[in-house]
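Student: Going line by line, the protein sequences match chains G and L. Its first residue numbered 1, the first sequence is counted upward by one per residue in the numbering used here. Its first residue numbered 852, the second sequence is counted upward by one per residue in the numbering used here.
No lab work stands behind these hints: they were computed from the structure. A few of these clues could be false.
The calculated label-pair distances, taken between Cβ atoms and stated as ranges, are [said to hold, decoys possible]:
#1 L:947 / G:531: 28 to 34 Å
#2 G:47 / L:947: 29 to 35 Å
#3 L:968 / G:766: 57 to 63 Å
#4 L:954 / G:616: 39 to 45 Å
#5 G:393 / L:947: 56 to 62 Å
#6 L:947 / G:766: 34 to 40 Å
#7 G:616 / L:968: 42 to 48 Å
#8 L:947 / G:579: 51 to 57 Å
#9 L:881 / G:436: 32 to 38 Å
#10 G:532 / L:947: 25 to 31 Å
#11 G:531 / L:954: 41 to 47 Å
#12 L:968 / G:440: 31 to 37 Å
#13 G:529 / L:881: 48 to 54 Å
#14 L:947 / G:308: 45 to 51 Å
Note that the structure is predicted; figures quoted are calculated from it, not measured. No residue lacks a Cβ here, since even glycine has one placed at the ideal position from N, Cα and C.
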Amino acid sequence: MVAQRLVEALRARDDAGTWHVDVFAEEPRLPYDRVQLTKYFEARDADDLALGDRSLWADPLVTLHRDVKVEAIDREARTVTDRLGRTHPYDELVLATGSYAAVPPIPGTDLPGVFVYRTIDDVAALRGWVEQKRAANPARPVRGAVIGGGLLGLEAAGALKALGAHATVIQFGSHLMDVQTDLGGGQALARLINAQGIGVRCSSATQVMRPHRRTGHVGRLEFADGGRLDVDVVVLATGVRPRDELARAAGLEVAPRGGAVVDLACRTADEHVHAIGEVAAVEGVCYGLVAPGYAMAEVVVDRLLGGQATFPGADTATKLKLNGVDVASFGDAHARSEGSVEVVWADPVAGVYKKLVLSDDARTLLGGVFVGDATPYASLRPMLGATLPGDPSAYLLPEGAGAAPQLELPDDAAVCSCNNVSAGTIREAVTQHGCTDLAGVKACTRAGTTCGSCLPLVKKIATAELEKAGITVSKALCEHFALSRAGLFEAVRVAGLHTFSEILDRFGQGGRGCDICRPVIGSILASLGNGHVLAGEQATLQDTNDHVLANMQKDGTYSVVPRMPGGEVTPEGLIVIGEIARDFGLYTKITGGQRVDMFGARIEQLPLIWKRLVDAGFESGHAYGKSLRTVKSCVGSTWCRYGVQDSVGMAVRLELRYRGLRSPHKLKLGVSGCARECAEARGKDVGVIATEKGWNLYVGGNGGFSPKHARLLAEDLTDDELVRTIDRFLLYYVRTADRLQRSAAWLDDVEGGLDGVRAVVLEDSLGIGADLDAAMAEHVAGYEDEWKAVLDDPEKLARFSSFVNAPTTPDPDLAYVPERGQKRPATPAERGVLVAGPVLTVREPQPEEAR
Amino acid sequence: MSTTLAGLTPVCRLADLAAERGAAALVDLPDGTQVQVAVFRLHDDEVLAVQQLDPYSGANVMSRGLVGTRGGEPTVAGPVYKQVFALRTGACLDAAGYAPVEGHDGDLVAYPVAVADGVVHVGPPARP
Ligand SMILES: Cc1cc2nc3c(=O)[nH]c(=O)nc-3n(C[C@H](O)[C@H](O)[C@H](O)COP(=O)(O)OP(=O)(O)OC[C@H]3O[C@@H](n4cnc5c(N)ncnc54)[C@H](O)[C@@H]3O)c2cc1C
Ligand code: SF4
Numbered sequence: 001m002v003a004q005r006l007v008e009a010l011r012a013r014d015d016a017g018t019w020h021v022d023v024f025a026e027e028p029r030l031p032y033d034r035v036q037l038t039k040y041f042e043a044r045d046a047d048d049l050a051l052g053d054r055s056l057w058a059d060p061l062v063t064l065h066r067d068v069k070v071e072a073i074d075r076e077a078r079t080v081t082d083r084l085g086r087t088h089p090y091d092e093l094v095l096a097t098g099s100y101a102a103v104p105p106i107p108g109t110d111l112p113g114v115f116v117y118r119t120i121d122d123v124a125a126l127r128g129w130v131e132q133k134r135a136a137n138p139a140r141p142v143r144g145a146v147i148g149g150g151l152l153g154l155e156a157a158g159a160l161k162a163l164g165a166h167a168t169v170i171q172f173g174s175h176l177m178d179v180q181t182d183l184g185g186g187q188a189l190a191r192l193i194n195a196q197g198i199g200v201r202c203s204s205a206t207q208v209m210r211p212h213r214r215t216g217h218v219g220r221l222e223f224a225d226g227g228r229l230d231v232d233v234v235v236l237a238t239g240v241r242p243r244d245e246l247a248r249a250a251g252l253e254v255a256p257r258g259g260a261v262v263d264l265a266c267r268t269a270d271e272h273v274h275a276i277g278e279v280a281a282v283e284g285v286c287y288g289l290v291a292p293g294y295a296m297a298e299v300v301v302d303r304l305l306g307g308q309a310t311f312p313g314a315d316t317a318t319k320l321k322l323n324g325v326d327v328a329s330f331g332d333a334h335a336r337s338e339g340s341v342e343v344v345w346a347d348p349v350a351g352v353y354k355k356l357v358l359s360d361d362a363r364t365l366l367g368g369v370f371v372g373d374a375t376p377y378a379s380l381r382p383m384l385g386a387t388l389p390g391d392p393s394a395y396l397l398p399e400g401a402g403a404a405p406q407l408e409l410p411d412d413a414a415v416c417s418c419n420n421v422s423a424g425t426i427r428e429a430v431t432q433h434g435c436t437d438l439a440g441v442k443a444c445t446r447a448g449t450t451c452g453s454c455l456p457l458v459k460k461i462a463t464a465e466l467e468k469a470g471i472t473v474s475k476a477l478c479e480h481f482a483l484s485r486a487g488l489f490e491a492v493r494v495a496g497l498h499t500f501s502e503i504l505d506r507f508g509q510g511g512r513g514c515d516i517c518r519p520v521i522g523s524i525l526a527s528l529g530n531g532h533v534l535a536g537e538q539a540t541l542q543d544t545n546d547h548v549l550a551n552m553q554k555d556g557t558y559s560v561v562p563r564m565p566g567g568e569v570t571p572e573g574l575i576v577i578g579e580i581a582r583d584f585g586l587y588t589k590i591t592g593g594q595r596v597d598m599f600g601a602r603i604e605q606l607p608l609i610w611k612r613l614v615d616a617g618f619e620s621g622h623a624y625g626k627s628l629r630t631v632k633s634c635v636g637s638t639w640c641r642y643g644v645q646d647s648v649g650m651a652v653r654l655e656l657r658y659r660g661l662r663s664p665h666k667l668k669l670g671v672s673g674c675a676r677e678c679a680e681a682r683g684k685d686v687g688v689i690a691t692e693k694g695w696n697l698y699v700g701g702n703g704g705f706s707p708k709h710a711r712l713l714a715e716d717l718t719d720d721e722l723v724r725t726i727d728r729f730l731l732y733y734v735r736t737a738d739r740l741q742r743s744a745a746w747l748d749d750v751e752g753g754l755d756g757v758r759a760v761v762l763e764d765s766l767g768i769g770a771d772l773d774a775a776m777a778e779h780v781a782g783y784e785d786e787w788k789a790v791l792d793d794p795e796k797l798a799r800f801s802s803f804v805n806a807p808t809t810p811d812p813d814l815a816y817v818p819e820r821g822q823k824r825p826a827t828p829a830e831r832g833v834l835v836a837g838p839v840l841t842v843r844e845p846q847p848e849e850a851r
Numbered sequence: 852m853s854t855t856l857a858g859l860t861p862v863c864r865l866a867d868l869a870a871e872r873g874a875a876a877l878v879d880l881p882d883g884t885q886v887q888v889a890v891f892r893l894h895d896d897e898v899l900a901v902q903q904l905d906p907y908s909g910a911n912v913m914s915r916g917l918v919g920t921r922g923g924e925p926t927v928a929g930p931v932y933k934q935v936f937a938l939r940t941g942a943c944l945d946a947a948g949y950a951p952v953e954g955h956d957g958d959l960v961a962y963p964v965a966v967a968d969g970v971v972h973v974g975p976p977a978r979p
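Bound-form chain G, shown alone:
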């Protein structure tokens, strides 16, 4: 991780291009975010953990050697030798080899089924093992134990639980997270951990791990007090040991407890060799957190560029990243400072323990521990060493019980410790760099992009700064409406308005709307069930494509896409489509959404084409709308030997349910029949992946410009639970998202993020569940095929003429050339040739087309 930061910082600062960097990585992948390793269980995709911008590795001044471990350093010759025996020269060498997971001296740690927790490969192996154990004995849950009750151990226990295994944390010390919290905090934490269904054994020394009699896999733990625990899998989380073997072998000094000894410039005794990150022992001290490592990387970069930076010391504040368990500590959590006093708030019923450590006059903040409610952490941590205004206990009271004094953070207070971003830098992002929202500030400063625990504070500071600068971030839709899309949606819904003119009269600012607000209102009216999108005045609101229910292509002709729910189509259906495409001379292509697209249809041909499609039983595929596009599926349990659920059946059910649903942006769904994920469902707004017990539901994925993988919303749902959860998710999105905001961006924006959405759709925290359910029922009942309705209505049909005074005359400027057996629009150059005469063989429409 720290090496990546070094390269990134060097490339950002070394304008002259003085340095060329070779990065040797033992692991076979791009540098990734180890801090988020546990997310790999959720994401199952190493790419999700990639650090920083990939383009860094394409920089000509950077060479990444993946899967190339360095075996030796020759300090005399200034070369390193890699595992393939090749030598590489260097001017300056930086060691950033991190740590090994420490393996405690307990007999049995070499048994199959005992894992460490450090790399993606470790995590993938652990997952494979748990799945294999489950398959071998589906009747009972897989039993797991984690040795070590620190930050890492608790995360690993959470991961085991997420994998569906039982987990027990074995802690040698008297309480959990004993480095960071005191006994009171540790006990409160144990209650919270228990409430998560994770067992805890404190003051337990594991003496031996015994193999299972039959399998030889790890089977039982025996403790010093005579206790035993049967297990199928064990994770060791007893700390880390710096990987200083290269330094050692090169004759460099290592600290008594390991780590290459460096000075405050991160330099070893050899002036050309530096060490940063977990492998570095700065003045003899190693740091097992990422923030100090990043600081060291910046120091070395500065020195490489001729600067004089020194390691500023480390912020060792920590926050546990375990869903549902809020723990954080910073500073002198154990109140070891001379004369320090503690202020404690404990509520054992609610499982809350909060403590502040203050100087003897109870004014200066020295540290704190928060268990069960870490909300004060984000704003108090940067105040470390500063004077706290007001009564300290006010900061610990539950929210609402008495207002904590407003903290105005000094500019130099570190807000994001992972990336060392100060409050001042965040303020500057707003005042100097013109950022107007959280996403902008994150991108500009990198604050909150590593562990994310400071995000609430970043948002608060940025918002305050925006307000101060008098920048009201306008959510107004356009010059015609001062409301945001979400505001307008609510206004229209509550006021019960049904036409554009009514809405304009009631909420408009003058004028007749525009290409921005009209489609938004068209979409809102459609989402609220106001009949056909081309009925009456609604027709004037529809974007070019919606207005003719087809997708305009670059030459002004259209593409036609009939719905094929779940990507399923009969041979007869395919034949009809083939015949239509042939008769109208359409170019055909299979779309990414598992259906057929026919290109090159002229506006006046659309009704004729659709008449034949509708007669053959097809309906609109809404490829033109900001609405449900497709539900992509794999073949699932009906045909696939791996499938565990009927993914096609579910996809068809979902597609038929949500077809025609208008939304702020297009919506794509996917359903896979097992964890192999052949339908690529996690690239969709709503992705469904079959499990042995039902369905896992992922939300907020998309492809496009900035691809995002969908994130897990709920697990092991039954068919009906799944449908209801998606119903609510979709409608909550439809009601509250901004114009043209895909679900991924909406999830970042919406109150409470993914957790907030989970609370709304699964726990009905806003009390709107019944309303959403009813609205979806109305949508389903009110569905009609838009194309069939057009064909049945002469007035709507009239829109499909090429010229108002020559309704069936084709646009004389259209020209095509053949390519790979089909037609395509002629390029401007080819048009020149066309005018000169050659006749192109593009099949003319059938006589029946004339009307």
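Chain L with the ligands: place on chain G using the hints.
Tutor: Structure of chain L with the ligands alone, referenced to chain G:
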């Protein structure tokens, strides 16, 4: 085709046009040429016409753009790349970051329109 209303050509009935949308028309000009014109009927039944060719895509599609107003002036949005044009003058008000296709001007040609006895007439553009 007869030429009435001082050099304007009758194109269609007002009733053939949907309010706040456009329609394409083939218009024979007095000089014998035929042009594609996009005709728009506004909220208050005023009718305006511009060239049908979208200079930013090179396709004959202007009639299919969304009608609206900017600062009270009637506008149409380019259907392909979303430029905004003033309907009265044809001037491009917002190029949306695009440049016109080679050989085309970024503004539209506006055509004079008259409505008489419920019939819409379009004439040749005023020469600059
Ligand atoms: C599950 C987990 C959760 C964590 N959570 C947090 C947290 O919330 N907050 C926090 O601050 N920290 C956390 N950490 C710690 C944090 O990940 C580390 O402090 C950080 O990764 C250290 O960065 P590094 O670059 O020094 O080492 P690493 O990230 O380990 O990188 C060292 C790399 O060097 C490679 N390497 C080693 N030797 C060689 C060689 N001879 N040749 C080539 N390559 C070599 C290794 O394979 C490795 O990829 C967590 C760690 C884990 C495992
Ligand atoms: S996701 Fe699973 S069920 Fe679906 S096709 Fe792939 S392997 Fe088969």
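Student: Now tell me if each hint is right for this structure.
Tutor: Tested hints:
About 32 Å separates the C-beta atoms of residue 947 of chain L and residue 531 of chain G, a value consistent with the hinted range of 28 to 34 Å. Checked against the hint of 29 to 35 Å, the pair residue 47 of chain G and residue 947 of chain L passes, with Cβ atoms roughly 33 Å apart. Against the hinted window of 57 to 63 Å, the Cβ-Cβ separation of residue 968 of chain L and residue 766 of chain G comes to about 59 Å, which satisfies the hint. Taking the beta carbon of each, residue 954 of chain L and residue 616 of chain G are about 43 Å apart, inside 39 to 45 Å as hinted.
At about 57 Å, the CB distance of residue 393 of chain G to residue 947 of chain L agrees with the hint of 56 to 62 Å. The hinted range of 34 to 40 Å is satisfied by residue 947 of chain L and residue 766 of chain G, whose Cβ atoms lie roughly 38 Å apart. At roughly 46 Å, the beta-carbon separation of residue 616 of chain G and residue 968 of chain L lies within the given 42 to 48 Å, and the hint holds. Taking the beta carbon of each, residue 947 of chain L and residue 579 of chain G are about 40 Å apart, not inside 51 to 57 Å as hinted.
The hint said 32 to 38 Å for the Cβ distance between residue 881 of chain L and residue 436 of chain G, and at roughly 54 Å that hint is violated. The hinted window of 25 to 31 Å between residue 532 of chain G and residue 947 of chain L holds, with their beta carbons roughly 30 Å apart. Residue 531 of chain G and residue 954 of chain L have their C-beta atoms about 44 Å apart, which keeps the hinted 41 to 47 Å range intact. The given range of 31 to 37 Å is broken by residue 968 of chain L and residue 440 of chain G, whose C-beta atoms sit roughly 58 Å from each other.
With their beta carbons about 51 Å apart, residue 529 of chain G and residue 881 of chain L fall inside the hinted range of 48 to 54 Å. Separation of residue 947 of chain L from residue 308 of chain G is about 49 Å and conforms to the stated range, judged on CB atoms against 45 to 51 Å.
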